[in-house]
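In the order they appear, the protein sequences are chains Z and Y. So in numbering that gives the first Met the number 0, spot 82 of the first sequence is number 81, and the numbers just go up one at a time. So in numbering that gives the first Met the number 0, spot 502 of the second sequence is number 501, and the numbers just go up one at a time.
By construction, these hints were calculated from the structure, which means they are not laboratory data. It is possible that some hints are incorrect.
Said to hold, decoys possible - Short, incomplete list of chain Y residues facing chain Z, as computed with Cβ under 7 Å:
| id | residue |
| --- | --- |
| 1 | Thr-68 |
| 2 | Val-72 |
| 3 | Val-133 |
| 4 | Pro-588 |
| 5 | Pro-621 |
| 6 | Ala-657 |
| 7 | His-658 |
Stated by the list, open to error - One-sided excerpt, in silico: chain Y residues whose CB lies under 7 Å from chain Z:
| id | residue |
| --- | --- |
| 8 | Val-226 |
| 9 | Ala-267 |
| 10 | Asn-504 |
| 11 | Gly-587 |
| 12 | Lys-626 |
| 13 | Gln-636 |
Cβ coordinates follow ideal geometry from the N, Cα and C atoms, glycine included.
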Amino acid sequence: MTTGIVFDIREFAVHDGPGIRTTVFLKGCPLHCSWCHNPEGQSSVPQVISGAGASRVAGVEYTAQALAAILNRQVAVLQANEGGVTFSGGEPLRQANFVAEVIDLLEEIHILLDTSGYGSESAMNLLLARVSMVFFDLKLIDREAHRHFTGCDNDCILRNLAVLGKSGVPFVVRVPLVPGVTDTDANLAAVAETVRGLTGLLRVDLLPYNKAAGGKYRAAGMEFKPCFDEARPLNINTGIFKKANLEVHVL
Amino acid sequence: MNERIGQMKARVRAGEHRALRRKITVDVLSECEEEGLSWPWRAARLIRRQCEAEQVVIDPREKIVFTRTLPAVIPPIYKPEDWARLTAGRTLHELGPISNICADWGLVLSQGLLGRKSAAMAALQRFAGDKAAVEFLECAVETIDAVLALAARYAVAARRMGRPDLADILERTPAHAPRSFHAALQALRLLHAVVWLGGHYHVGLGRLDQYLWPYLKADLDSGRLDVPAAEELLAEFFIALNKDSDLYPGVQQGDNGQTITLGGVTRAGRDAVNDLTHMVLRVSRDLAMIDPKINLRITPQTDLDLLGLAAELTRKGLGFPQYSNDEVVIPGLVAHGYSLEDARDYAVAACWEFLIPGRGMDVVNIGAVSLPFAVDAGIRGGLAAGAGFDAILKITADDIARQVKILAEAYAQLLLPPAPYYSVLMTGCIERGQDLAQGAVYNNFGIHGAGAANAADALAAVKRLVFDEQRIPPNELLAALDADYAGHAELRRLLADQAPKVGNNDDQADRYLTALFDFLADACEHYGRTNRGGILRPGTGSAMYYVWLVRGHPNMREPVVGATAEGRKKGEMLSANLAPAPGAGVRGPISALQSFAKINYRRVCNGGPITMELSDTVFRDPESIRKVAMLVRAFAQIGCQQLQLNSLNVATLRDAQAHPEQHKNLIVRVWGWSGYFCELGPEYQEHIVARHLYACES
Numbered sequence: 000m001t002t003g004i005v006f007d008i009r010e011f012a013v014h015d016g017p018g019i020r021t022t023v024f025l026k027g028c029p030l031h032c033s034w035c036h037n038p039e040g041q042s043s044v045p046q047v048i049s050g051a052g053a054s055r056v057a058g059v060e061y062t063a064q065a066l067a068a069i070l071n072r073q074v075a076v077l078q079a080n081e082g083g084v085t086f087s088g089g090e091p092l093r094q095a096n097f098v099a100e101v102i103d104l105l106e107e108i109h110i111l112l113d114t115s116g117y118g119s120e121s122a123m124n125l126l127l128a129r130v131s132m133v134f135f136d137l138k139l140i141d142r143e144a145h146r147h148f149t150g151c152d153n154d155c156i157l158r159n160l161a162v163l164g165k166s167g168v169p170f171v172v173r174v175p176l177v178p179g180v181t182d183t184d185a186n187l188a189a190v191a192e193t194v195r196g197l198t199g200l201l202r203v204d205l206l207p208y209n210k211a212a213g214g215k216y217r218a219a220g221m222e223f224k225p226c227f228d229e230a231r232p233l234n235i236n237t238g239i240f241k242k243a244n245l246e247v248h249v250l
Numbered sequence: 000m001n002e003r004i005g006q007m008k009a010r011v012r013a014g015e016h017r018a019l020r021r022k023i024t025v026d027v028l029s030e031c032e033e034e035g036l037s038w039p040w041r042a043a044r045l046i047r048r049q050c051e052a053e054q055v056v057i058d059p060r061e062k063i064v065f066t067r068t069l070p071a072v073i074p075p076i077y078k079p080e081d082w083a084r085l086t087a088g089r090t091l092h093e094l095g096p097i098s099n100i101c102a103d104w105g106l107v108l109s110q111g112l113l114g115r116k117s118a119a120m121a122a123l124q125r126f127a128g129d130k131a132a133v134e135f136l137e138c139a140v141e142t143i144d145a146v147l148a149l150a151a152r153y154a155v156a157a158r159r160m161g162r163p164d165l166a167d168i169l170e171r172t173p174a175h176a177p178r179s180f181h182a183a184l185q186a187l188r189l190l191h192a193v194v195w196l197g198g199h200y201h202v203g204l205g206r207l208d209q210y211l212w213p214y215l216k217a218d219l220d221s222g223r224l225d226v227p228a229a230e231e232l233l234a235e236f237f238i239a240l241n242k243d244s245d246l247y248p249g250v251q252q253g254d255n256g257q258t259i260t261l262g263g264v265t266r267a268g269r270d271a272v273n274d275l276t277h278m279v280l281r282v283s284r285d286l287a288m289i290d291p292k293i294n295l296r297i298t299p300q301t302d303l304d305l306l307g308l309a310a311e312l313t314r315k316g317l318g319f320p321q322y323s324n325d326e327v328v329i330p331g332l333v334a335h336g337y338s339l340e341d342a343r344d345y346a347v348a349a350c351w352e353f354l355i356p357g358r359g360m361d362v363v364n365i366g367a368v369s370l371p372f373a374v375d376a377g378i379r380g381g382l383a384a385g386a387g388f389d390a391i392l393k394i395t396a397d398d399i400a401r402q403v404k405i406l407a408e409a410y411a412q413l414l415l416p417p418a419p420y421y422s423v424l425m426t427g428c429i430e431r432g433q434d435l436a437q438g439a440v441y442n443n444f445g446i447h448g449a450g451a452a453n454a455a456d457a458l459a460a461v462k463r464l465v466f467d468e469q470r471i472p473p474n475e476l477l478a479a480l481d482a483d484y485a486g487h488a489e490l491r492r493l494l495a496d497q498a499p500k501v502g503n504n505d506d507q508a509d510r511y512l513t514a515l516f517d518f519l520a521d522a523c524e525h526y527g528r529t530n531r532g533g534i535l536r537p538g539t540g541s542a543m544y545y546v547w548l549v550r551g552h553p554n555m556r557e558p559v560v561g562a563t564a565e566g567r568k569k570g571e572m573l574s575a576n577l578a579p580a581p582g583a584g585v586r587g588p589i590s591a592l593q594s595f596a597k598i599n600y601r602r603v604c605n606g607g608p609i610t611m612e613l614s615d616t617v618f619r620d621p622e623s624i625r626k627v628a629m630l631v632r633a634f635a636q637i638g639c640q641q642l643q644l645n646s647l648n649v650a651t652l653r654d655a656q657a658h659p660e661q662h663k664n665l666i667v668r669v670w671g672w673s674g675y676f677c678e679l680g681p682e683y684q685e686h687i688v689a690r691h692l693y694a695c696e697s
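Use the sequences and the hints to build the structure in full.
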């Protein structure tokens with residue numbers, strides 16, 4: 000029996016894919032992005048989140064059966080409303096076997112994988128065989144910059160993007176716009192160049208940096224040390240994508 | 000919203016019209032005493048003198064007139080000592096006068112007041128020998144004449160001021176049936192305002208998109224009016240309803256019962272949605288004022304375009320529309336003795352209570368059963384006696400029955416004062432020769448079952464932690480409750496965190512939610528007929544009881560509960576209406592809807608909405624608004640009864656608490672109605688800020 004660790008299950012997640020969806024946030028992420036707004040998703044062990052006056056534990060271990068049972072109780076509602084289940088994180092590829100087993104136990108429903116792409120090719124393939132759509136986060140194309148801001152290089156991310164592009168699974172590339180880091184014309188042009196021509200690409204979503212990102216760190220007993228200037232105005236240059244004949248949305 | 004309407008709204012919000020209010024006292028009492036008038040005649044005389052005392056106000060900028068110039072105080076018609084004698088040993092509902100019902104506006108408009116007068120004359124012939132009937136009918140005619148005289152004064156003034164448009168309308172209506180949408184709105188404005196002048200309150204407007212549609216349709220079909228012009232008239236009517244909020248009695252300002260119920264089906268069961276349904280939603284969205292409060296009747300088949308428009312109104316943060324599911328409400332009403340045709344014709348009273356316009360003299364709110372108190376009695380009684388869990392449920396059920404009986408017995412002595420004018424506006428009072436105070440077609444009472452989620456959570460916690468897992472010894476729980484958890488922090492945390500909670504679609508908690516409402520329904524059924532010939536309707540609302548039941552209120556019949564076994568300390572508020580208990584961990588709206596869908600609504604038909612707050616960030620793009628529409632549809636698909644959906648931004652509310660002067664127009668839903676946040680008492684502000692948000696930001 001496979002178990003997994005989940006830091007949140009959230010219903011009616013309106014920005015996590017089509018229709019009415021429930022999102023499962025898997026705990027544990029290999030990346031440590033400087034701008035991460037879900038810091039409690041980084042560590043793969045449970046941790047205490049202390050809010051004003053109350054505290055809770057983020058990170059509950061589920062068996063695949065138990066998680067699937069919770070989700071199956073609402074599949075009919077999600078199905079009837081053009082939606083489904085999204086697996087996000089953290090990084091779901093890191094618990095690919097668990098996620099795959101949960102999906103196999105679910106009734107027929109639209110599944111969306113929201114991933115940073117960081118994981119093994121076999122993990123990627125394991126899940127691609129089971130999902131209806133992918134949100135693929137693409138942050139920085141420059142290998143060194145990627146290492147600097149996320150703690151990891153992007154070799155396997157770019158490789159998994161290529162795997163995704165060949166899989167035929169429809170996907171959206173999501174670029175978090177972080178001031179002075181990912182929103183530079185050079186990076187956006189490189190993103191456009193990288194994704195252009197990939198089969199299954201529906202569009203590019205640009206996600207402007209939210210200044211509330213740092214809010215959760217203290218509650219999670221962590222320190223927020225952005226190595227960029229939060230106040231710097233964003234460069235939301237959609238023109239680069241339009242010029243490359245790519246559909247682009249700003250969320 | 001065009002410039003003229005924008006300015007009109009600004010003037011009303013600024014309270015310019017309040018300068019027209021006169022500081023006078025209309026003396027009705029002296030003549031009542033001198034002439035030795037009976038109670039019905041005094042009530043009729045009150046309407047007569049109030050109408051006469053109104054000064055005509057015709058603002059050249061207004062197309063729909065009537066501005067109240069009389070103060071809030073309704074002149075007394077009895078000396079205090081006589082009033083005390085009349086009402087000795089009797090129960091008055093709230094302030095006394097008939098309130099929180101809905102007239103048959105469609106009937107009155109279509110017949111005109113002269114049509115109602117003819118009906119009264121015919122009835123006078125029929126009831127010639129019946130002294131009481133004759134007196135009632137003569138009083139009814141007296142009030143009709145009083146309103147007609149007021150309309151005539153307005154007509155004369157309009158003519159004199161060079162307003163032939165208005166004069167033409169006022170010379171004809173409300174005496175006769177309106178010949179245009181404009182005239183229908185004008186007639187409704189006047190007829191409705193006079194109800195307030197008679198001391199009645201929570202004056203509902205019912206199914207406005209049904210009874211005004213024939214007038215609008217005729218205008219649109221003939222080309223006399225186009226949609227923008229019609230919407231402008233509607234906007235002006237809505238603004239007028241906001242003029243006197245500060246004069247109306249209510250627990251908090253804004254609680255005034257000026258509700259509209261849209262959509263649904265016709266009495267014959269056909270889809271009732273029409274162009275006016277959409278127009279009301281659009282105008283309400285664009286105006287963003289607290290009145291009128293909008294209810295929308297839907298089914299699982301309601302189209303997403305209409306629900307999307309409604310979601311745009313929700314986005315405004317006014318706390319409406321409130322939704323009710325016809326597939327659940329109508330069978331529930333039928334199961335409680337309403338005819339199918341009447342059930343299909345239901346509207347929503349001041350907050351959420353279902354009632355039939357024109358036919359319902361239901362007193363929909365005679366108080367609340369404190370479900371947390373009953374459960375607390377069960378837990379304490381059962382554990383102290385060393386009894387099993389079934390005994391706890393039995394004591395709980397018995398206490399619910401005890402509380403029901405107290406409320407019902409108090410209302411066995413109900414005294415409704417004569418209401419000759421309101422009777423004119425109802426279906427059949429004139430025809431039966433009987434004042435509304437004697438009853439209408441439906442004469443039921445409504446009782447709220449308040450604090451349901453907290454109460455169910457307490458039972459679930461005790462079942463799991465005391466009985467199943469035996470992690471908490473009974474005497475320790477009793478000691479902790481007695482000590483309000485002082486020195487029992489760990490135990491409290493266990494109860495709060497390690498037990499099933501309502502709102503997660505978890506049968507381990509939800510079974511007690513359904514059981515509690517079944518107990519309430521059993522108790523109401525067991526009580527049987529009241530001496531008004533009606534029944535007790537159990538409901539799922541809480542009204543202000545989510546505060547009162549834990550903090551107390553002067554002269555309240557309901558018991559106050561201390562610390563409870565779901566880990567709630569004394570004085571901490573309960574959930575409002577149907578919502579997970581404050582602080583209970585829940586995953587979001589789908590599971591919450593699924594939890595509350597388990598209630599047996601056939602047996603629980605008084606109304607009381609599932610209350611949900613969505614972060615305002617959910618509404619930022621059209622796609623997400625469509626998803627809100629789907630969520631509302633899901634509410635109906637799952638089989639829930641009623642839903643109140645709010646859009647909230649906690650940061651804005653906090654800022655409004657700190658800087659009220661900068662947030663004068665911030666509107667929030669309170670329990671069954673919407674009001675200006677900064678005009679609410681601090682305890683109500685606090686509850687709104689603390690309400691669980693179904694967070695949707697990832």
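Status of each hint after checking the structure:
| no. | hint | in the structure |
| --- | --- | --- |
| 1 | Thr-68 | 49 Å, violated |
| 2 | Val-72 | 45 Å, violated |
| 3 | Val-133 | 60 Å, violated |
| 4 | Pro-588 | 5 Å, holds |
| 5 | Pro-621 | 12 Å, violated |
| 6 | Ala-657 | 16 Å, violated |
| 7 | His-658 | 21 Å, violated |
| 8 | Val-226 | 31 Å, violated |
| 9 | Ala-267 | 29 Å, violated |
| 10 | Asn-504 | 6 Å, holds |
| 11 | Gly-587 | 3 Å, holds |
| 12 | Lys-626 | 5 Å, holds |
| 13 | Gln-636 | 6 Å, holds |
The structure fails hints 1, 2, 3, 5, 6, 7, 8, 9 (numbered hints given earlier, in ascending order).
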